[in-house]
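Take the two lone chains, each set in its own frame, and fit them into one complex as the hints suggest.
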Amino acid sequence: MFPLAVRMAAHRITALLAVACAVLGGATLITATGVLAESGLRSHLPPGRLAGADVVVAADQEFHPSGDLPIALPERAPVPARLTDRLAGLPGVTAAVGAVDFPAALVAAHGRVVPAGDDPGTAGHGWSSTKLLAAPHIEGRAPAGSGEIAVDTATAAAAGIEAGDRVEVVADGRPAKPYRVSAVVGTPGAGVFFADATAVRLAGRGGDGPRAGTVDLIGLKTAPGAAGRVTEAVRERVAGTGLKVVTGGERGNAVSPGVGAARSLLVLLSGSLAGIVLLITGFVTAGALGVAVAGQRRDLALMRAVGATPRQIRRLAAAQSSVVAGVALVPGVALGYLLAGRFHDVLAHRGVLPTELPLTIGPLPALATLVLTAASVQLSARAASWRTSRMPATEAVAESRSEPRTPSRARTRTGLLLFVAASTMSVVPLFSRTVVGASATSLAGIVGAIGLALAGPALIKALGSAAARRTRTGVSAPTWLAMANLRAYAQRNAGIVSPLAMAVVFVLTYTFAQTTVMAATSHDTDTGTLAPYRLTAPALGGLPEGTLTAVRNTPGVRAAAPVTTTTAVWQYEQFGEPDTESASAMILTPDATDVLDLGVRDGGLDGLTGATVAVSSDAARTRGAGTGSRVHLVLGDGTPVVARVVAVYSRGLGFGPIVLSRDLAAGHTTTDLAQSVLARTDGTADAGHRLAALATAHPGLTLTTTRAAPGGSDTPPEVWINLVVIVVLLAYLLLSIANKLVAATAQRRTELAALRLGGTTPRQIRSMMRREAAVIAAAALAGGLLLSALPLALLGQGFLGRPWPAGPVWLLPAAALTVMVTAFLTVELPTRRALRMPPAEVIRVH
Amino acid sequence: MSAPVAPLTARQTPAIALARVSKTYAGGVRALDDVSLSVRRGTFLAVMGPSGSGKSTLMHCAAGLDSPTTGSIRIDGHEIAGLNETRRTELRRERVGFVFQAYNLIPSLSIEDNITLPLRLAGRRPDADWLGTLVERVGLADRLSHRPAELSGGQQQRAAVVRALAARPAVVFADEPTGALDLRSAHQVLDLLRALVDDLGQTVVMVTHDPAAAAQAHRTLVMADGCVVDALDAPTAPELADRLVALAER
Chain A
1 MFPLAVRMAA
11 HRITALLAVA
21 CAVLGGATLI
31 TATGVLAESG
41 LRSHLPPGRL
51 AGADVVVAAD
61 QEFHPSGDLP
71 IALPERAPVP
81 ARLTDRLAGL
91 PGVTAAVGAV
101 DFPAALVAAH
111 GRVVPAGDDP
121 GTAGHGWSST
131 KLLAAPHIEG
141 RAPAGSGEIA
151 VDTATAAAAG
161 IEAGDRVEVV
171 ADGRPAKPYR
181 VSAVVGTPGA
191 GVFFADATAV
201 RLAGRGGDGP
211 RAGTVDLIGL
221 KTAPGAAGRV
231 TEAVRERVAG
241 TGLKVVTGGE
251 RGNAVSPGVG
261 AARSLLVLLS
271 GSLAGIVLLI
281 TGFVTAGALG
291 VAVAGQRRDL
301 ALMRAVGATP
311 RQIRRLAAAQ
321 SSVVAGVALV
331 PGVALGYLLA
341 GRFHDVLAHR
351 GVLPTELPLT
361 IGPLPALATL
371 VLTAASVQLS
381 ARAASWRTSR
391 MPATEAVAES
401 RSEPRTPSRA
411 RTRTGLLLFV
421 AASTMSVVPL
431 FSRTVVGASA
441 TSLAGIVGAI
451 GLALAGPALI
461 KALGSAAARR
471 TRTGVSAPTW
481 LAMANLRAYA
491 QRNAGIVSPL
501 AMAVVFVLTY
511 TFAQTTVMAA
521 TSHDTDTGTL
531 APYRLTAPAL
541 GGLPEGTLTA
551 VRNTPGVRAA
561 APVTTTTAVW
571 QYEQFGEPDT
581 ESASAMILTP
591 DATDVLDLGV
601 RDGGLDGLTG
611 ATVAVSSDAA
621 RTRGAGTGSR
631 VHLVLGDGTP
641 VVARVVAVYS
651 RGLGFGPIVL
661 SRDLAAGHTT
671 TDLAQSVLAR
681 TDGTADAGHR
691 LAALATAHPG
701 LTLTTTRAAP
711 GGSDTPPEVW
721 INLVVIVVLL
731 AYLLLSIANK
741 LVAATAQRRT
751 ELAALRLGGT
761 TPRQIRSMMR
771 REAAVIAAAA
781 LAGGLLLSAL
791 PLALLGQGFL
801 GRPWPAGPVW
811 LLPAAALTVM
821 VTAFLTVELP
831 TRRALRMPPA
841 EVIRVH
Chain B
1 MSAPVAPLTA
11 RQTPAIALAR
21 VSKTYAGGVR
31 ALDDVSLSVR
41 RGTFLAVMGP
51 SGSGKSTLMH
61 CAAGLDSPTT
71 GSIRIDGHEI
81 AGLNETRRTE
91 LRRERVGFVF
101 QAYNLIPSLS
111 IEDNITLPLR
121 LAGRRPDADW
131 LGTLVERVGL
141 ADRLSHRPAE
151 LSGGQQQRAA
161 VVRALAARPA
171 VVFADEPTGA
181 LDLRSAHQVL
191 DLLRALVDDL
201 GQTVVMVTHD
211 PAAAAQAHRT
221 LVMADGCVVD
231 ALDAPTAPEL
241 ADRLVALAER
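Taken in sequence, the protein lines are chains A and B. Quick note: the first sequence, position 7, residue 7 per our numbering, numbers continuous. Quick note: the second sequence, position 231, residue 231 per our numbering, numbers continuous.
No wet-lab data here; the hints were simulated from the structure. One should not assume that every hint holds.
[Claimed, not checked] Derived CB-CB ranges, DEER-like:
#1 R413(A) - R30(B): 32 to 38 Å
#2 A410(A) - T133(B): 36 to 42 Å
#3 V727(A) - D142(B): 55 to 61 Å
#4 V346(A) - E90(B): 56 to 62 Å
#5 E90(B) - R413(A): 29 to 35 Å
#6 G758(A) - D142(B): 34 to 40 Å
#7 G139(B) - T750(A): 55 to 61 Å
By construction, the Cβ of each residue, glycine as well, lies at the ideal position given by its N, Cα and C atoms.
So that you can see chain B by itself, here it is in the shape it has in the complex (with noise of 0.2 Å):
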């Protein structure tokens, strides 16, 4: 097993790249307003803000869960805006895993078959050696069996992460992957994340209120209305927690 070593043009093409993106819901919520940004590989991005701002719409659109109503979004250098409820799941698990606050395991199957649905899904074969490094490396091998509700939300949650590495994606979505959990399996499941970024040169963008997560990754955007107010580069939990109580009181 090696980190994944892409050629040098597709190295510079970002993971994701935004440009004018605006999303505005039935009803005529405004979610997202022109945000345009791109995500180097190989990095481990945050994205902040109070609710309401626009951060989870903008992950839903940049992972094409959701479709933008206006602009371009780029993963992996493919062109998602337009294409079909289909063809976008079809892009999707190609190039893109998630990780859901609330884990998101179908109970009715094992750990190990949840882990290889998106694969099965997708009509391939799991790559086995890579699996079982991965479920090496989080702990899980002796779990494989079990169904989610006999794990605890930490092994769930690092299950989760498996899952999202299983077709390895060009990008990892992560959406408050500590929301449901204690400190200690919070912990864990972020230093699993940054290992990923740092051993495996994965990229990941997460999402969180939490200024401890955001803390973790390499570069941290703050969001309010819709639109990215700021840019931190490697920040400190408390500098992010001034920055937010700021915007809350402004």
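If we strip away everything but chain A, and leave its shape as in the complex, we get (with noise of 0.2 Å):
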């Protein structure tokens, strides 16, 4: 059978090129999908200031929701500092350190900042900690007392300084302090090294506050050839304390939880782009598959008459296209791995994931979509051979010369299910005014495209009769014929007008439910932001204690709060069930109604003081969590909560779905700085200007407005992300369409040939295929404008109070156009070469 089936297929290369040009573009974007799931779970940061340990103990930076994938936590949790003393006693351990970080950053001269490290937020460190670096060279002598530091290499370089010079430093908020460098450490990007016991008042672990008596992480030596020793101890040791112990790779994720963080956003966005990813290829892949497999009805249906079973039949099909997208395979998966390196680099470059974070290179990816792209070419080609094969042997010959007459029902029936199931899906956005929502948008498009997919030849068919009826008489003989094949051709035309109808959809709902979720968040976030200015210190990890009075102390400033983002995990039920929510969440104090107007519909965040937060309304209705109600929380350190619920707001989708207050976060973050203040003026510029020479005269310090830059230069990295994904699947598309249309025509040489020798013209054929063409063009953008509309405008009635949605007004006439080409061109070539032969022997040959 096997041997058959790849000779039969030599013979049928235009289409099975179709399909291997789909398979080939599947496992490309399966792959690339697969190697961006498998780095967000496995892929380590490279271990930096940690590589020198052999063994670490930190804190589980993960939270594991039963039955989910676990939720990565950005905010150091602590360590008791005592445990250090207790492994250090271990037998196989050389040294033990209780690693503390903080925030530090050098000012140089002229009040020029010098962020040291990657992290400007955990730069200090304990000078122990250079214990853990890989073989460090230490230029001087250890830190001692409370005015002496060491710097690294890169950091003293763009400071200018060496050892023996002096340098202010910025430690943990406080003000600027000059301290002595007593040596240079040569691990770049390693930080400021703090003598311990400086460092350790430094960093607040000192005295009695919420982190006292606590390390960051315990980072353990070993004699060599212990380390496997010292690991089991240390782990029986740790037990059922819920702390990590962490060797080789593992250990970079341990360096930085707010980067490792970083990590999960891979694994969330490719579950966001399996699902589309999925539905696109096995969308292309069974119509290239169908015209295939059409092209061969005759074939087939002349083996059942010499004796092939319904079965065998099916198998045949099944194998030669398998044989196909056996051969596009191995390309596609290896191109897989190319994208996926080309997209992390995106990503990186955009900032969304961190620089130096690897990407696995694994063969899981590669076996993943050999499987899923196996099932799904047998199981189409399967389906596409069903009707033929079943057919009595006789009828399938008949048959096999035109089409099947009627398209079946079951298919038809499914196809409007599947409106209905669309139409459903795009009233979310009306209910939930969420990015979760708007996703909806998207899905219900493709969701109707797949529908016309399957109801397409009984709705050709329709349209067809019609045209025909209307233009019986009195019309050219070319615009007669191309109106009888679209419902002579029905099958044919509906595989041809659904993907083109499915390319519009896709980039219309896709594009515009992201624009109009950035223009109803910035919306949001521009009218709920009552203060003009911003006040903010990447570079020293934090803003400066006192930094809050001094500005409310300026003469014209009005109102002023200090705003942080951090994450915290709502678990909540819904439908009976328990779930889990990672979301971005402000902290707040209650002052902060003075400077922002999250539009409370309840309560008051007057009230968000001790364990209290403040929800979104679309959170409050859909989990029960009113004003006075309890909700379940785990904040970013991992610390399970309770807090009382005491505003609910309506700007959820500018703000998030939950807001802490100050009293409930702290201590839970990795560090207690502010990470921005807002600040409301008089409005004259006077007091704008006392801010700035505010801003001038405190290292370090930025003022920012809050109103955004016209021109969307603080485009969320998100939106670059779908827009490289609509691209990409969009060539994958359109290459798919092309392909599939080329095949089409090619496969109809007899019936032109045969149309020819019964006295038409070429021009006429020419003119009857650009007929066709328009018409097919027509009624994809016809359709694909029909399932785009009604999701569209239910988005922009949720999302922005009026039923159509925000974005750019020229990607319709640009989608139009290229459908428009598209259609021409595949149609046009491949019936000029098709002409070129003489029509006589098209018919001999065939």
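Structure follows, in structure tokens:
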């Protein structure tokens, strides 16, 4: 059977080329998505400043919901300091270091701030942490007392200092203070090292603060060959405490939970990509196979006549397609790994991913691609040959000359059901004004397009019949022929119209969903942010203490309040099932009412003291979290808390589903410094100037305006990601459509030859084909627009309060033009080629 | 190689036996109306009749390509009425060979592949000696690696005859096998069919509306309106032509 399949395949190059392209592109996309997913789950940051530690003990920076993927926790959870000494006593341990990290930055000459290390928020360390560096080359001596520091070579170079110089340092938001540089550490990016006692004091781990008596992690150095034994012993010692013992590549994840948390973005990203990629590749592959098998229907029917059983026919079609798919799969998978690399570069370049986070290149994505592609190819090929295979042999031969007379009823019905499902889905944005709610819009569009693919033949037939009736008299022969063909080859035409319509739907819904959410979000934040100014200090790792008071005391400032963003995991019940959502959460104080208007519907932000939160009305409604109720949260460092809801606000899209009181979050963030202060002035230019002067006077402070810059320079990274995805998927869709059209037109040679033998001139045939292409393009556009209209109207209504979306207007004519050009070119070129062969010869050969 | 010699009991079973077979198509068209007949082994039967007389339906049913609405059909002693499509296909490729008017060779396969296709489908190993003899006999030995489009109509039809015989079927059905051929090629094919019966003891059932073709048969059935209206033994072409004209004028 198999060699036979190959020999027959060799004769269907055009059609099978379309299948090969579909599989190639599909394999590329699936593999790339798979690589991103695997990297999100398994990739490790380089161990960096823990490279010299053999065993690292740190808190588990992941929350593990039951039955779901772990959620990364970005805020550092501490480890009891006394554990350090106990671990130091284990046999085989040569050194145990309890490391503390805190914000630190150098202030060089003229108030120029030099950030130390990669993350200014954790750039300050105790001197003993240098033991955890991989073979550091230290020039100078250890810092002693509270007036000396050591810095890494890169920072020293950036600040223009060397051992023996004096330099000012802002440590943990304290006012800049001069230190003497006692040593330069030869590990670039390692940060600023203080004497151990000073570090403990600066990090707030002494005394009775919320993090007193803790360290960030414990690094162990072991005697040669003892690492395994020590790891076992440490695991035993910390069992039951929830602490993690990591070695090797996993140490990288312990370096910085904040950076490591970005890894989980890859999981989210690939998760949201997987759905659309699988839908589209499955659709395209099935479509290409449909054309390939349809072109072979006569051969298959003849085989039935000479004794092939229905199953053998389906097996033959499946085997043939699998051979082609197999050939295309290998380069596809290889390209997928390359594509994932490119995508990673784009994300890293946009600052969405840490540049040092590598991709995990393993065999799993290739394996998954193989299984998914093989399954979809086998299934599609068998489905495509199902009807021909099941027919009595005599009918099969008779029918193979034209198309199956009536599109199957079950198929049409399934298509109509999908339309209903799509319409139902598009209602979601009316009720859920969230990003997840908006994603229903594009999904509704795609489901509708699949419905069109299924119900298409019946619809096109009806359309063609109506058109043929109207054009029976008084039109030119080519037009009449084109209309007749439209009806007679409804299935073939639907196979071309539906992917084109899918491309239109996909581009319109996906792009407009993005832009609409973006418009609604920035509308939320713009109208909700009363304060025109924002003060930040990214290079210092947080705002120095006293900034808030200084801002409040500036003449002309009416109100000021600190705003910090962290992550919170919300545990709730939905439809009786426990569920979790990890969301970005603002940390606010009661005086935030003066600078932010979250659109409070119930309660008030002035109650944000103690263990309290405010929640968005969307979240409050769906999770039964009205004012006065209690919500179960896991804070950014993994601490579970129960908090009372004191306010419900409407601008959840712009400000997130949850706001934490500062009292609740205190001690549960990596640094306790505020990330920003929002300031509202009396509106005079003077007040603005004074704030600007305040920022200049304090090294590291940056004053920005809260009004969004025109031109969208602050386009969020998700939008960039989605744009890249749209472009890649669209290219794939268009390529496969073009392939399919070329194959479908090439298969019409016999038909065209018969027309020519019947006296149709080549010019008339070209003109007929152009009219068909025009009708196909028009039908695809109309279908695409109709399918996008309802979801987008409802999206606009839900998010913007008007029945149309926000976004670039040129998208529509651009989509129309693309569809027109694709349809025209891919019909015109193969038609010309077909016309070059003398018709008698075509008839003889086929 | 020798003519197939079946045991006595099998020899007495007719190659094809139809008992009270009717076929009604959707829409109420009665293409076969209570037809009974049997075809003895080693005979050449022709079925004639005007268009729409039911001769093609009779052949399709008798060959197991289609199933009857009522009645019993036995091929080589095996009942096929009530079998599903797969079982019928399996029975067919074991015991029935086909020659179509339009040759129906698969264009993408070579002549050799086409000839062995039914055997492959049945998962059987081709009998090289038998095929060699057949190919030699029909004069296609040097054409095996060619594709159907590279052969003349007569050659293609002869290849189709070899394909029909490849599995040594109990009966070969030929549906207007000369309909698309010129006179000389048509003669060659008819001579070939007759020789298969005379030399190899093969059973052949041929549907045709050409009296000259039917005259090659041992026996000719004449059909009209779904019924067998006449049976003529060893008729001549003029006799048959008269009979058909009479039918048409009725």
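Structure-based check of all given hints:
Our hint of 32 to 38 Å for R413(A) and R30(B) holds, since their Cβ atoms are close to 33 Å apart. At about 50 Å, the beta-carbon gap between A410(A) and T133(B) misses the expected band of 36 to 42 Å. Hint check: V727(A) to D142(B), Cβ distance near 58 Å, so the stated range 55 to 61 Å holds. For the pair V346(A) and E90(B), the supplied restraint of 56 to 62 Å holds, since their beta-carbon distance comes to about 57 Å.
Take E90(B) and R413(A): their Cβ atoms lie about 34 Å apart, and the range 29 to 35 Å holds. The hint said 34 to 40 Å for the Cβ distance between G758(A) and D142(B), and at roughly 37 Å that hint holds. A hinted range of 55 to 61 Å for the beta carbons of G139(B) and T750(A) is inconsistent with their spacing of about 30 Å.
Checked against the numbered hints listed earlier, the structure breaks hints 2, 7; every other hint is satisfied.
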